[in-house]
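Input sequences plus hints: build the corresponding full structure.
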Amino acid sequence: MNNNDLIRVENLRKYFSIKMGFMKYHYVQAVEDANFSIKKGETLGLVGESGCGKTTLGRTILRLHEPTSGKIFYDGEDITNVRMLPYRRKMQIIFQDPSASLDPRMTVGETIGEAIDIHKLADSRKDRSDRIHKLLTQVGLNSEHANRYPHEFSGGQQQRIGIARALAVQPEFIVCDEPVSALDVSIQSQIVNMLEDMQQEMGLTYLFIAHDISVVKHISNRIGVMYLGNVVELAESNELYNNPLHPYTKTLMSAVPVPDPKISRERKRIILEGDIPSPMNPPSGCRFHTRCPYAISRCKEEIPAWRELAPDHFAACHII
Amino acid sequence: MNNMVNNMDKKNQKLLEVKDLRVSFFTPVGEVKAVGGISYDLNYGEVMGIVGESGSGKSVEAYAIMGLLQSPGKVVGGSITFDGEDVLAKSEKEMQAFRGNQVSMIFQNPMTCLNPVYTIGDQLIEAIRCHKKISKAEAREKSIEMLKLVGINNPERRMNQYPHEFSGGMRQRVMIAMGLICDPKMLIADEPTTALDVTIQAQIIELMKDIQQKTQMAIIFITHNLGVVAEICDRVTVMYAGKIVEQGNVEDIFYRPHHPYTMGLLRSMPRLDAEEYERLIPIEGTPVDMLNPPAGCPFGPRCEHCMKICLRREPPQIDLGNGHTAACWLLVDEAKRLAKKEETPNE
Ligand SMILES: Nc1ncnc2c1ncn2[C@@H]1O[C@H](COP(=O)(O)OP(=O)(O)OP(=O)(O)O)[C@@H](O)[C@H]1O
Ligand SMILES: Nc1ncnc2c1ncn2[C@@H]1O[C@H](COP(=O)(O)OP(=O)(O)OP(=O)(O)O)[C@@H](O)[C@H]1O
Ligand code: SF4
Ligand code: SF4
Ligand SMILES: [Mg+2]
Ligand SMILES: [Mg+2]
Chain A
2 MNNNDLIRVE NLRKYFSIKM GFMKYHYVQA VEDANFSIKK GETLGLVGES GCGKTTLGRT
62 ILRLHEPTSG KIFYDGEDIT NVRMLPYRRK MQIIFQDPSA SLDPRMTVGE TIGEAIDIHK
122 LADSRKDRSD RIHKLLTQVG LNSEHANRYP HEFSGGQQQR IGIARALAVQ PEFIVCDEPV
182 SALDVSIQSQ IVNMLEDMQQ EMGLTYLFIA HDISVVKHIS NRIGVMYLGN VVELAESNEL
242 YNNPLHPYTK TLMSAVPVPD PKISRERKRI ILEGDIPSPM NPPSGCRFHT RCPYAISRCK
302 EEIPAWRELA PDHFAACHII
Chain B
27 MNNMVNNMDK KNQKLLEVKD LRVSFFTPVG EVKAVGGISY DLNYGEVMGI VGESGSGKSV
87 EAYAIMGLLQ SPGKVVGGSI TFDGEDVLAK SEKEMQAFRG NQVSMIFQNP MTCLNPVYTI
147 GDQLIEAIRC HKKISKAEAR EKSIEMLKLV GINNPERRMN QYPHEFSGGM RQRVMIAMGL
207 ICDPKMLIAD EPTTALDVTI QAQIIELMKD IQQKTQMAII FITHNLGVVA EICDRVTVMY
267 AGKIVEQGNV EDIFYRPHHP YTMGLLRSMP RLDAEEYERL IPIEGTPVDM LNPPAGCPFG
327 PRCEHCMKIC LRREPPQIDL GNGHTAACWL LVDEAKRLAK KEETPNE
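Here the protein sequences come in this chain order: A and B. Residue numbers are given in this note's numbering: position 11 of the first sequence equals residue 12, and the series is strictly consecutive. Residue numbers are given in this note's numbering: position 183 of the second sequence equals residue 209, and the series is strictly consecutive.
Worth flagging that the hints you see were computed from the coordinates, not collected in a lab. If you're wondering where the values come from, they're calculated on a predicted model, not measured in any experiment.
Selected chain B positions facing chain A (in silico; Cβ < 10 angstroms): (1) I226; (2) Q227; (3) A228; (4) A256; (5) Y287; (6) E304; (7) R305; (8) L306; (9) T312; (10) P313.
What follows is a set of in silico ranges between Cβ atoms, one per label pair, in the way DEER data are often shown: (11) A:Q171 <-> B:Y303: 24 to 34 angstroms; (12) A:N243 <-> B:R305: 20 to 30 angstroms; (13) B:E43 <-> A:M21: 49 to 59 angstroms.
Note that beta-carbon positions come from the ideal geometry of N, C-alpha and C, so glycine has one too.
Printed below as a string of structure tokens:
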């Protein structure tokens with residue numbers, strides 16, 4: 002284990018059991034044997050289609066879901082089975098839907114103050130309110146906003162409040178779960194810039210989840226690609242875009258619309274047949290084999306190993 | 027496919043003309059001028075993208091054309107002419123015939139339009155039979171043909187299934203099939219791919235491009251995804267706070283934008299093909315409060331070029347040539363310069 006790593010997961014797996022009738026259970030194989038690390042101060046992006054397990058992976062790392070098997074390390078310590086309270090402050094999450102994640106009956110000041118109180122971070126009442134005002138200014142709001150309620154703010158402003166709340170406890174690691182997806186294009190860039198500034202100022206480490214691959218590529222140092230619970234490829238951002246190795250990554254990259262009429266009309270797309278299979282009953286072998294244009298007979302039987310194919314470029318596929 | 031033949035014949039003729047359309051919502055706290063006087067034309071066979079901020083009036087404008095505005099929304103001014111007919115003068119009964127037959131609309135969330143208790147087949151057959159006097163067997167045949175066209179395998183078997191047995195992408199295909207089944211002259215697609223994953227979105231875009239080429243149907247494509255617009259639209263309309271701020275062919279809008287909002291929008295998006303990290307340049311400020319819109323230019327409070335006049339008077343639409351227009355005071359001099367250039371072509 003490298004001591005530059007803030008987070009490391011080993012064979013991390015999360016299955017959900019769903020009750021299907023009397024005494025009968027089914028398992029949703031939401032995350033399957035993930036292996037990667039996140040360096041201190043870096044942003045690791047996570048992309049993949051709806052339901053592929055991005056949120057589950059992020060929440061399992063925070064132990065908001067208990068892992069089914071595998072290990073989670075935080076700053077070198079195995080936190081898979083420890084009491085999480087000491088780590089809760091250091092590990093925060095920002096959600097997709099800013100309005101749903103804020104309590105409508107609490108003022109902005111109370112929401113941020115509550116986070117400060119839980120972890121007993123303020124020495125005095127004055128320290129507490131100073132902290133609140135400083136946080137609000139940091140996220141581009143002002144101190145008089147502290148007395149207002151969430152519904153008095155626009156979506157972008159609500160997301161700023163959610164970020165201020167996460168930052169209030171001076172975290173080291175933040176899972177940003179689709180933090181800009183619900184926002185207007187013109188507001189998204191404000192929030193992305195702000196997250197970058199905060200990272201610089203406070204030395205934060207991010208796991209950045211989004212389905213907009215352009216945004217993820219912009220903000221991330223490295224990107225992991227998920228398909229049906231599997232992390233199928235992981236590499237430095239430009240490397241992943243310029244030199245994708247896994248057939249699914251290639252498809253995904255070719256599918257992203259480019260806002261340039263000439264380029265987008267000349268580009269060739271790889272169009273996948275069929276739909277994403279259910280994680281309750283995933284395909285055997287390589288989970289992508291039912292849709293992969295390059296599948297060979299081996300893909301159906303054997304799970305491809307997770308290998309480092311070039312320095313810091315990992316993928317799981319039989320044919321590469 | 028009668029309309030299809032028509033569409034080919036009449037290419038480059040005017041199909042839809044919207045003139046100074048105004049739509050307001052009369053809410054308990056005041057009038058929301060959701061669409062504040064917009065004008066544009068659409069030709070037969072043309073694909074127009076409408077982009078713009080959330081709440082800028084894109085959907086409301088489409089509902090007005092379809093006659094689907096719900097109370098407290100009302101058309102308070104202007105006209106809509108479709109294929110020579112005054113749409114706003116039609117009775118509800120005439121509008122029912124108009125929808126589906128002449129124009130149809132597909133929505134962001136297909137589940138809101140598919141009835142969960144009927145099979146896909148029944149719903150498609152019903153959609154044809156309420157517009158065309160044909161037998162059930164013929165309608166069934168046509169339905170299967172449509173499902174094939176939108177790329178659904180095993181259409182005969184699929185006809186007997188219910189919406190919940192389809193995936194999100196397949197439901198959106200069924201919606202498109204339903205929208206096309208009466209060969210409308212125009213299709214309005216309101217965020218048809220927004221709820222879908224990129225790979226499924228790519229399938230639907232390829233499908234719409236393919237169908238458009240085969241049928242030469244006019245399409246209004248409402249979306250906030252500029253990448254999708256770049257790929258399939260001939261022309262683009264950019265809306266902000268109930269107004270059209272810029273309009274032009276797709277190359278003018280993407281390569282020669284003139285309105286500060288359009289420029290800001292294009293500049294603020296990260297590009298997947300960017301080689302090096304570049305900090306994003308956002309549009310500062312917050313979206314317009316439609317209950318208390320600013321005086322003058324609606325974009326004024328967020329515009330880096332805002333001048334005194336912008337806060338007092340609404341900017342005029344400036345003609346930049348080649349069907350490219352933008353509403354901005356900065357362009358008033360530009361317009362004079364352009365006019366001069368036309369007088370002396372060999373300068
Ligand atoms: N609490 C839960 N109980 C049962 N199944 C769950 C639970 N949470 C998630 N799942 C299932 O696990 C799979 C992965 O879901 P997850 O939310 O992690 O996907 P995601 O990649 O975040 O998708 P999206 O992009 O839509 O947010 C899905 O099939 C989902 O239905
Ligand atoms: N039922 C309603 N009552 C009051 N106001 C309404 C109603 N429906 C729409 N509006 C107002 O009309 C304006 C335009 O809404 P519209 O749905 O057309 O926006 P849009 O451009 O389609 O946005 P989006 O990109 O979010 O779909 C909004 O500002 C909204 O506040
Ligand atoms: S292992 Fe086989 S099915 Fe899986 S991605 Fe590689 S080639 Fe395709
Ligand atoms: S009219 Fe003025 S405020 Fe409006 S976009 Fe032009 S320069 Fe900016
Ligand atoms: Mg998620
Ligand atoms: Mg809309």
